[in-house]
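Q: Sequence:
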Amino acid sequence: MKRHVRLLALAAAMISGFANAQVSVSDAWVRATVPQQKATGAFLKLQAAQDSKLVAATSPLTPVVEVHEMAMQDNVMKMRQVPSIALPAGKTVELKPGGYHVMLLDLKQQVQEGQTVPLTLIIEGKDGKRESVQVQAPVRPLATKAAPSGHDHKH
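Residue numbers for the sequence shown, in mature numbering (1 follows the signal peptide of the UniProt record, and there is no 0): -21 to -1, 1 to 134.
Each hint should be verified, as a subset may be incorrect.
Taking lysine-lysine and the DSS-like style, the derived pairs with C-alpha atoms no more than 27 Å apart in a straight line are [stated by the list, open to error]: (1) 105 / 32; (2) 70 / 24; (3) 75 / 17; (4) 24 / 75.
Just so you know, the hints here were simulated from the structure itself, not pulled from any lab data.
Hey, can you work out the whole structure from these sequences and the hints?
A: Written as structure tokens, this is what we have:
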């Protein structure tokens, strides 16, 4: 009987965890680096159930992780850190090369194809509450321009 109660409690905890998840992540990947390269980008697709925003990201790979945007400024493509990326309810927001992305800076080692990079995305709802979303992003070759489809990681 105790075993059944524990199983029911575990099942309830899992269901409530999924019910609390407000953001799904798909097509996550990180661009490989060459030796001595100190930075790389992480790219993914986000879809929020409610209006929210991506406000930060972390990774055990490096202490310096920032949310960035590439944008044309005076006919020059420039990269800059942004305080957040809006995630409108029900719409897919793609973080991709040449646009919004997550930068992994001050790398201490090479990031190689075939590795997986753990990321924690910090999502803030309209109510100011924050949620952490765990992502395992495979490392793709340096020349990769976009994420291949079919590698979904839902949270």
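Q: Can you list which hints this structure breaks, lowest number first?
A: Going through the list in order, the structure violates no hint and respects every one.
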